[in-house]
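Order-wise, the sequence lines are chains C and P.
Using the working numbering, read the first sequence as starting at 1 and increasing by one per residue.
Using the working numbering, read the second sequence as starting at 1001 and increasing by one per residue.
No false leads were slipped in.
Under 10 Å between C-beta atoms, here's a sample of chain P residues computed to sit facing chain C:
id	residue
1	1049
2	1129
3	1193
4	1197
5	1198
Below are the DMTMM-like pairs computed for lysine to aspartate or glutamate, each with C-alpha atoms no more than 20 Å apart in a straight line:
id	chain 1	residue 1	chain 2	residue 2
6	P	1193	C	43
7	C	276	P	1212
8	P	1226	C	244
9	P	1226	C	256
10	P	1193	C	256
11	P	1226	C	250
12	P	1226	C	239
13	C	276	P	1086
14	P	1193	C	64
15	P	1226	C	242
16	C	276	P	1216
17	P	1226	C	64
Derived DEER-like restraints, expressed as beta-carbon distance ranges:
id	chain 1	residue 1	chain 2	residue 2	range
18	C	322	P	1293	40 to 46 Å
19	P	1214	C	244	18 to 24 Å
20	C	111	P	1036	55 to 61 Å
21	C	106	P	1279	55 to 61 Å
22	C	244	P	1189	21 to 27 Å
23	P	1237	C	244	22 to 28 Å
No wet-lab data here; the hints were simulated from the structure.
Where is the CB? At the ideal position from N, CA and C, for every residue including glycine.
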Amino acid sequence: MTQTISRRNLLSWLGRLLEERLLIAPTHTTGPILFQPVSKIEDIVLDFDNTALSAKEWFFPATETLFWAETTDGRTELVPATVEREAVVFGIRPCDAKGLALVDKAFLAEPADTLYQQHRDKAVLVGLSCRKASPQCFCTSMGTAPNDPTHVDILLTEVEEDYIVQIVTEKGKALLPDNLLLESKVVPPPPPSPPVVSAEGIEEVMRQAFDSPYWSRLADRCVHCNLCAYVCPTCYCFDIRDYESKGKIERVRSWESCQSPGFTRQAGGYNPRASKGARLRQRFYHKLLYFPEDFGAIACAGCGRCVQVCPVNIDIREVIADIQTIGGRNVP
Amino acid sequence: MELIAVEKPASYPDKERGERLNQQLRDKAKELLERGAVECVIGYERATDGSSARPFFVYQPEEVDRLIFDQTCTHNLVKYLLNKKDKTTAVVVKPCDSRALNLLLNEKQIQRDKVFIVGVVCPGIVETGWNQVSQTLQGRCQRCRQHTPLVYDFLVGEPPAEEAPPAEAYADVAEIEAKPLAERQTFWDEQSKRCIRCYACRQVCPGCYCSECFVEQLQPPWVGIKIAPPENNMWQTIRAFHLAGRCSGCNECERVCPMDIPLSLLNRKLEKEVWELFEFQAGLSAETVPPFATFKKEETLGIGE
Chain C
1 MTQTISRRNL LSWLGRLLEE RLLIAPTHTT GPILFQPVSK IEDIVLDFDN TALSAKEWFF
61 PATETLFWAE TTDGRTELVP ATVEREAVVF GIRPCDAKGL ALVDKAFLAE PADTLYQQHR
121 DKAVLVGLSC RKASPQCFCT SMGTAPNDPT HVDILLTEVE EDYIVQIVTE KGKALLPDNL
181 LLESKVVPPP PPSPPVVSAE GIEEVMRQAF DSPYWSRLAD RCVHCNLCAY VCPTCYCFDI
241 RDYESKGKIE RVRSWESCQS PGFTRQAGGY NPRASKGARL RQRFYHKLLY FPEDFGAIAC
301 AGCGRCVQVC PVNIDIREVI ADIQTIGGRN VP
Chain P
1001 MELIAVEKPA SYPDKERGER LNQQLRDKAK ELLERGAVEC VIGYERATDG SSARPFFVYQ
1061 PEEVDRLIFD QTCTHNLVKY LLNKKDKTTA VVVKPCDSRA LNLLLNEKQI QRDKVFIVGV
1121 VCPGIVETGW NQVSQTLQGR CQRCRQHTPL VYDFLVGEPP AEEAPPAEAY ADVAEIEAKP
1181 LAERQTFWDE QSKRCIRCYA CRQVCPGCYC SECFVEQLQP PWVGIKIAPP ENNMWQTIRA
1241 FHLAGRCSGC NECERVCPMD IPLSLLNRKL EKEVWELFEF QAGLSAETVP PFATFKKEET
1301 LGIGE
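Same shape as in the complex, but just chain C:
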């Protein structure tokens, strides 16, 4: 037997959550569909491929204050930022949830990033299985699937007018009252099949390919914006700056990426990754070699956003396939 929830009950449950918590869900904007705080249930978009930015932006926001420092009577006090509200992130895709699990490895390793930890602890993830695979997707090649419940608290899978409900964690169980659920004989639909790329053994070939001219050829085409990193559910680099106003200091962090020339520039002007080729290569090495070496997994969830938005079609699936072929050979 499976458990289901009717669309009507789902919406009324979300309506109740909205009164108690911050509810973040896919919504329309004057531009693309994005995760945003919802003020009324009708604004939630249930039928979408995926959001333009991943749900990462609610756990590791584009810009966030880390602390304030204020000096009064010669005494300086540090006031750390805190996350107050309990939140529900509704409509997260399994790939984006996997992305968060990967960011966890970096941000929650001791010493944990306290703000990120608070965002994670205060939020419940209600996932939505994908009904179709987009041509840029490749989640099954990155250890997750369109119907993977592993990294969410509750997973919903749409079947006709209802949703199959999988309660995955205690946090999820506490959020969804039993009386809204129905026992059902409905059979879960087969998950869609996204395109596949073989990343097996990629670490070893990446080790061999470091000096390959392939990277500078690829960098010819790359325009070196930060787009791929900012839409990525697993990229987690940032910059820090202090803002000062009337003696009060605010320390802020904002997204930054390895593609910016300033990212690795050091005092005195020396830049260990001065060339565009070196910067582009870094992105792929971090994902496909350094992160696996440090944390035991490829830093990619296969969501395909970078493939979709790259202005010049730098397609990570093509890069993986190319490197598998090239390995240590000295060919472009």
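We have chain C; now place chain P onto it with these hints.
The following block gives chain P in isolation, referenced to the frame of chain C:
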């Protein structure tokens, strides 16, 4: 506009003619590489979605068969010449791209004798996205009446007997101008609050070539690092102003924006202002001195008299 996914790439209405032109392009590229006239040919090839195009750098004569030109070839490849200053390079240019090339020649960013210009007679480019190709011409192409590049060393395709100069219709700009200030503010706040400052707009712009952009300068810090409305507004406004009288209208900035911010409205507002004040359009010639590179006494506009 709604994009539709299609099985096959858009090409010239006449497929056979499209193939013939592709061959002309490939033959020229091959010849240039074989006789060592250029180190690299920058053109287009099919992207991994199988329907749109992507930039392609050809170094070996045996790679030329991947070169294509059709109505999906939207990128302005002139930007890449800024990375190839020390080598002689061939580049495929459409009429709009040729204006950007004139701009870079005029501003002494590239040397004419280091560039071999392969002009393509342009049928207009259609709206494309990843795995999406529409049958509709891009807005900029609907406004443009130019089919032949303004400057080239070799031309692929047959130019029409008569050409009209680039024309501009500013209906959408005028619509925004007509709104009250508060409404315009709301409109732009709504747009720019989505900006994530990925700088894709800057990175694809042939007019943006400062070795250090003002947003990245630390001394003084003109704009903070916050990805937030005031900083985003500042970034977008100054970006547009730095292109006043310089933007050649390739619209790459708007095309690549992941947040669908209508950047062309800002660019074309300034283009309109420059036209009304100076009767100048950027990139029509490599020789004409642009308005902001010179000064006439009568241009004081009553300030400081």
